Amino acid sequence: MRLLRTVWIVVVVALCGTTLAFAQQPASEPARSRDALIIWHRLVLELVRHTATYSPPVASRAFAYLGVTAFEAVATGSDGLYSLAGQLNGLTLVPARGPGLTYDSAVVVQAAMAHAAARLFANTGPTGQRALKVMAKRAGADAALGVPEAVVRRSEDHGRAVAEHILAWAATDGGAVIENMGFPLDYKLTEGPAHWVPTNLIRQQQVPLLPGWGRTRTFAMPDGAACGLPPPPAYSEAPDSQFYREALEVRDTVNNLTDEQRAIARFWSDDPMLSPTPPGHWISIAIDALEKENADLPTSAETLVRLGVTLADAFIGCWHSKFEYDLVRPLTYIRRVIDPKWEAILNTPPFPEYPSGHSTQSGAAATVLSEVFGPAYAFDDGTHEDDGLPVRSYPSFWAAAEEAGISRLYGGIHFRSAIERGLDQGRCIGAYANALRTRN
Amino acid sequence: MRLPGTLLAAVLALGCPAAQAFETPVPTFVEETAASGVQHSFTGEWEFMVGGGVATFDCDGDRMPDMLLAGGTSPARFYRNASAPGSALTFEAQASGLELDMVSGAYPLDVDSDGATDIVLLRVGENVVMRGLGGCRFERANEKFGFDGGDAWSTALAATWEKGAQFPTIAIGNYIDRAQDAFPWGSCTDNWLHRPMGEERKFAPPLPLKPSFCALSMLFTDWNRSGMPSLRVSNDREYYKGGQEQLWRIDPGKPPVPYGPKDGWKPLKIWGMGIASTDLDGDGYPEYFLTSMADNKLQTLAAKPADSAPKATFSDVAFAKGVTVHRPYTGDEVKPSTAWHAQFEDVNNDGLADLFVAKGNVSDMPDFAKKDPNNLLLQKPDGTFEEAGEAAGVASVETGRGAALADFNLDGQVDLVVVNRNGRTQLWRNLDAGSGNWVGLELRQPAPNVDAVGAWVEVRCGGHTTRREITVGGGHAGGQLGWIHFGLGAEAKADVRVLWPDGSQGEWQPVEAGGFYELVRGQAPRRWAPGR
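Chains W and A, in that order, give the protein sequences. In this text, residue positions in the first sequence follow the numbering used here: the first is 628, and each later residue adds one. In this text, residue positions in the second sequence follow the numbering used here: the first is 24, and each later residue adds one.
Keep in mind the hints are simulated off the structure, nothing from the lab. Mixed in with the good hints, there may be bad ones.
Result set (DSS-like, lysine-lysine): computed pairs, CA atoms no more than 27 Å apart in a straight line [what the hints assert, rightly or not]:
#, chain 1, residue 1, chain 2, residue 2
1, W, K968, A, K186
2, W, K968, A, K289
3, A, K186, A, K393
4, A, K264, W, K919
5, W, K968, A, K516
Some chain W residues judged to face chain A by a derived CB distance under 10 Å, without partners named [what the hints assert, rightly or not]:
#, residue
6, L718
7, P722
8, M808
Remember, it's a predicted structure, so these values are computed and weren't measured experimentally. Every residue, glycine too, gets a C-beta built ideally from N, C-alpha and C.
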């Protein structure tokens, strides 16, 4: 109930109405701004889970645009923050605040996030739509607590204008329209035993997810090929080949899993529509760390934008490599070559194997978060408490990223090379986000 | 003039070069909504985005299926079947006492075994057992039966008679905590198990079935032919956290226990909305069709060891059998489908169970098809299915929810009613089920459980045995009680027998095609004709 707990703080304040409003001293503008930033990200973690098109790549894109929206909304009223316009591919300057006019940044951020979330999740179901409306109303009231009406109106207009600017930019990236949950109607499988074939009996997934995602416009890195990878180990069915040895490692590991390895595989499974997805998992980690550290508004905004941007870039870069090499999954190879009855413990995702998407995006996330919080920042991860999975503790973000990577081998869905090189790819991609200038 | 289904299919194929060639006789359904006298809509917004069930049963003694339609924010509506045998479908709205509002679903069940069918109303609010008084009049019986209707968003029901019980056991599936109207995710409320109060003819206070995961369909079913039905629960993953599909062991006198990994049960997480079951492959064990969004599931036991009881491990054979029905087959929408009520019936009397699936967008869900035609999947001799909804005339793109396949005019051809959300309920008459023969059967045994819920009926002809489990539950928010239809193909005669709920086995007894038979326990089949 992590989301609900947070949300209901807002709700209770709103429901208690004027009595509480008069009784309480409104929080400071930066504090209210940060609350708006965090609460919308938390709601979006739920919306990602409950919106069918939001596979991990699509989810990462939403986190990126929300992060940019929030950052730019804050930056328009901050002398300390430096706009990302001209740094992110295709982003131009967002509308400025009117000279000499008073704005409230909390109302600006709240309005910008509400507008952007409603548009990015226009395709969510009836329950998500209700939640968006209720959140806009109640969080809007909370952000405006104690702010003069004229300032509220002006600030809301500005927030929406910033969001509109970002949404117009988003519409041109090639990833805005998702048909059939991302599964193309026509797709020709690559011939040959080295290449991906469907791994399940779901009719919709007899073609791979989002084969063109690697061509989506990137944010901080030049393009999807900027952090390209060397080829995976050469395909071979010879027992002395590296390919066979890596497959054997997956088979043997899965067949002899320890309880701890099984728990790790489940913890990082992050299945779409059953979790906030892998990028959402890292957003959840970041939000917890920001709240634990009581991070100020600039730090919160720049952390979430760097993280969102690098997660999105990671999926674009990873997908570029996946469809460059179009490698067969362990499930297919092991059943064909080693053990026809072998089963992985996780559902094999419906797209090519190399590199591991979770590894790439976890490497990128760890690169960014280590820069913000430090390379030895220990934290507890309770992302899946609501789903009954216990909290796990890590000595650093990289320790978590490496565990996320190896979880895919424990789960039986990736070979070791895809994991190790995925982490390397993530490190490369994360560096682009870290290179963004966010302060004056 | 009646055109045989196969001929009609051929004519259609000739007339339209793009028409599909079918391997099975395609029935001809004609929509008779306008003339039927049924004018009803299941209405409501968020709290009625699910539900919309229909119950079919006979309450006036003419053995023709009457029906109750859930109304959501509108009152439920009862329609007496006034059809002449073999003629157009005709219904008359009639005050029955069942006209409550906030009804999401309804299941017929003779709770007190007095021979007058009772109705359990699933509601957003208090569930109500309505006792049949005869003549299609009903009265509230919660107090009389000791039934605690609670206060929840109820969406599913299954009933059985546990061994030795004088009263049924009713499982109620509940959905979201409706107080969490803004952020309902993870707020699934407890399902309930209403068991008999000892030897008394009333219910004990309900047991919570923990954990509960927002059930949208439940079915008591003897999946392993142990003689003791288990409770299958299909859950909506949209709202649960940490949930999955469920199977509960409900042993008499013992607390319910969910099947788990040690029993072979494997987690399956779908947008579970409806359950249909029948023994498709003739192995004696039921298969289960589970409706969902995008791909639907057809489960069969993964292994059936000859020398031991099967484990609760199921394989999905929907793809192999051609029943994933994951996206519209008409129109140009490329978005996935949303499936609700499902039911196996032999609609073309070829001796093979066919499958109907009601389809419809949840509510303003742009990622899923808006114009989502109902499916009519005809089983082919090789066990796979072919889509014939459009050719048969039932490919409505209204927003379907509940449905029932029943022979409303007792002509030996299965008709169809579909409840649409915020749209008019539709009726189709099956004008031509092909040239196949059929038989209609009805079970009767002394109280308790006069309708023999939990029995298996077997029909043997042409070297094949088909069988059906008599259940109350499944589908989406509605069920049927009445004639059990078997297609016989070309066979003019068949042998039938009943495996009664207490485990006793009836004798094989002959019946002739084209007739309705009462199978009264311990007696020879008694032929019955409409209008007598």
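### Query
Would the stated hint for W/P722 survive a check requiring a Cβ distance to chain A of less than 10 Å?
violated, 29 Å
### chain A contact restraint on W/L718 - CB to CB distance below 10 Å
violated, 27 Å
### Query
Holds or violated: is there a CB of chain A closer than 10 Å to the CB of W/M808?
holds, 6 Å
### Query
Is it true that the CA of A/K264 sits at most 27 Å from the CA of W/K919?
It holds: about 25 Å lies between the C-alpha atoms, which stays within 27 Å.
### Query
Given the hinted pair A/K186 and A/K393, is their alpha-carbon gap at most 27 Å?
violated, 46 Å
### Straight-line alpha-carbon gap W/K968 to A/K516, limit 27 Å
With Cα atoms ~45 Å apart, W/K968 and A/K516 exceed 27 Å; violated.
### Task
Below or equal to 27 Å on CA atoms is what counts here, so check W/K968 against A/K186.
violated, 40 Å
### Task
Could you grab the alpha-carbon distance between W/K968 and A/K289 and see if it respects the 27 Å cut-off?
holds, 16 Å
Hints 1, 3, 5, 6, 7, counting from the list given before, are not met by this structure.
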